[in-house]
Amino acid sequence: MMEMDSNWSKETLSEIDYKARNGKYRIRGCASPRKLPTFDDLMILPGQMTRMPIDTYREKCETRTVLGGRYATRPLIIETPVMIAGMSYGALSKEAKIALAKATQKVGTVISNGEGGILPEELENSYRQSVQILASRMGFSRRNLEVADMLEVLYGIGAKPGLSGHLMGEKISPEIAQIRQIPIGIDLHSHPRAGDSFGADDMVVKMQQLRELTNWETPIFCKIAAARVKEDVKIAVKLGFDGIILDGCQGGTGAAPVMAADHLGIPSMPALVQAVKAMEEMGVKEEMSLIISGGIKDGADLAKALAIGADAVAIGTGAMVAMGCRVCMNCQSGKCSFGIGTQDPDLRKKLNIEEAADKVANYIKAITEEAVLLAKAAGKTKLKNLEREDLRSVTLEACAMTGIPLMGSDLVIGEGFGFTANSGI
Amino acid sequence: MEYLDLENVKSEKVNPLIKEKLKQHKTITLQHVNSMHNICAGLSGECEVIIEDSTGLYTGSYMEGPRIVVKGNVGWYAGDDMMAGQLIIEKNTGCNVGAYICGGDIVIYGNTGSRVGYGMKGGNIVVAGSAGRWAAQMAMGGNLIVLGEMGSEIGESMYAGKIFTRDKNAAEKMGRNVFYDEITDEEASQLTALFETYGLEACASQFHVIRPALSGRHKYVLFQPELKPELAKKYLNRKG
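In order, the protein sequence lines correspond to chains B and C. Quick note: the first sequence, position 96, residue 96 per full-length UniProt numbering, numbers continuous. Quick note: the second sequence, position 172, residue 172 per full-length UniProt numbering, numbers continuous.
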């Protein structure tokens, strides 16, 4: 028997067995289990003699966050820079969606509806509602634009960039079919490209249309998967979006080909650095909002993301785990034992909405507090005042990827990120 | 008749001006539109807008209720996400007309480009001339009626909705996940009523219907690579 860490690991053998039996690739839920660079590869520098720490227990640190005020006259104001990422009603049960919406009410943040229309109960219970405009436009109409506090024109998601949505037939219940306007029980491979703009040139005109439809009030974001980040961000800036949601390849999903989840895109941390650099080059960093998602799990990730230059983070898997998900990666089957990623009426009963809402709200509060703790230690009275100078890289790779000096040295490899590059090894 | 001359009006000022004018007049005529984009996008209510020349992209998109008549040609994406009303185009259009339409009628008296009715979810799109390929691709409802010839891949991956055609070769030009069927009496009556409404001379009984195949499940891999070992044999011959 081969060693687990060899090229022929147990997982690799299992993958080959599956393909040999079925002649097709495998679909899987959640995010890639691959070990990729994360925000853990950075450390935060606390204030000592160079700057004064803020009292953890007695002094305030502002967490209120304003998003999307570049052109929109009614920017989104949320109490914590943590939003609930777009997860569809279909991938998630009705109970899970309601619980997430209720959680936003408890902490004062925003939830994104995800693909396939808005569940009315989600809209009723959410503190602020973000509405996605997807290539599929399932369950979408002008009515959705009218209720949105924030819009997301979706180009891709981190878990399967370049691919459209998947929802396996097991989850297309009569209710889901009705809201999505599709037949019951089919395997859904949704629309790959927007039928109403074939590229950036058209999108310039489309943006004018959306602005007129929303009376220039609602913030309009684009959601892009992390790929050619610098170039994509520059196009988004030119198109006149109010902000960007950047989804790194550690983002989860209800169903994705294993190959896509494991081998497409780039991780959130280096993607964020590239986005910030691009926005700074374009001179829009202060006016345009940037939200990072994909693998955000705790207050340290939040604090480091803000320090690099994000204005907020979006959480998906973390919120599901708070509700009870154990990341079994079998979401696509619709057999979630916790009543979260299922449409089975019996399994759905296992999720208590009120308890789940409390847990998600607690989790968001806790990670906000964690970030506040780190920010205060670094001498900040506002979370958004965290800056890249507060960071150091743990590894040479992180240093090279981010341009943030290697800890214990002034060494910067490659392109500096506000620091003078010094690769004199 | 009330006229609105747009010769020297900037694009972003056009729709507010139209709305202002419509507060006083139920019908207005736009002159010198000069193919500007987003004309009447999001326009609501019972009113009529006649456009004397051609328009650019997104004409009548998201509109809800009005009757818009374009005397000239129309650019891509006209009537996208349209909710209700009538969008009448007397000449030809670009591609992707009626994408995601939820309701209302789009009538094109000339020809239309590719992907007419992409992802449509309701309403009627009537094309008196011909339609390009990928018509009603991934439609989720509504009716696409084409009187002339159709391009290839008709109705590719439709989930719901119907395509009415009298193109004799339509059955050979269909996309995947659809089938060619006879028209029912009820459908023929609906078509006849539409033809009468819009003054089109066509006999509903000549039409066939392309419908989505709903009986089976897709395979995970919709478009598998076609591996043809028999074609590779020629390389063996060369070696020999």
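Derived by calculation from the structure, the hints in this document are not laboratory data. Cβ atoms here follow ideal geometry from the backbone N, Cα and C, with glycine treated the same way. It is possible that part of the hints are untrue.
[To be verified] In the SDA-like style, the derived pairs of lysine to any residue whose C-alpha atoms are separated by at most 25 angstroms in a straight line are:
no., chain 1, residue 1, chain 2, residue 2
1, B, Lys349, B, Met329
2, B, Lys382, B, Arg26
3, C, Lys13, B, Leu239
4, C, Lys26, B, Lys19
5, B, Lys297, B, Tyr57
6, C, Lys23, B, Glu217
7, C, Lys21, B, Met329
8, B, Lys19, C, Lys21
9, C, Lys233, B, Ala20
10, C, Lys228, B, Arg26
11, C, Lys10, B, Lys19
12, C, Lys19, B, Tyr57
13, B, Lys24, C, Asn177
[As the list claims (entries may be wrong)] Some, not all, of what chain B presents toward chain C, calculated at C-beta under 8 angstroms:
no., residue
14, Gln178
15, Gly195
16, Ser409
[What the hints assert, rightly or not] Which chain B residues stay away from chain C? Per the calculated CB distances, all over 12 angstroms, these:
no., residue
17, Cys61
18, Glu124
19, Arg137
20, Arg142
21, Arg180
22, Gly185
23, Ala194
24, Lys277
25, Ser337
26, Gly418
Hint by hint, work out which the structure violates, then give me just those numbers in ascending order. 2, 4, 7, 8, 11, 12, 14, 16, 19, 20, 21, 22, 23
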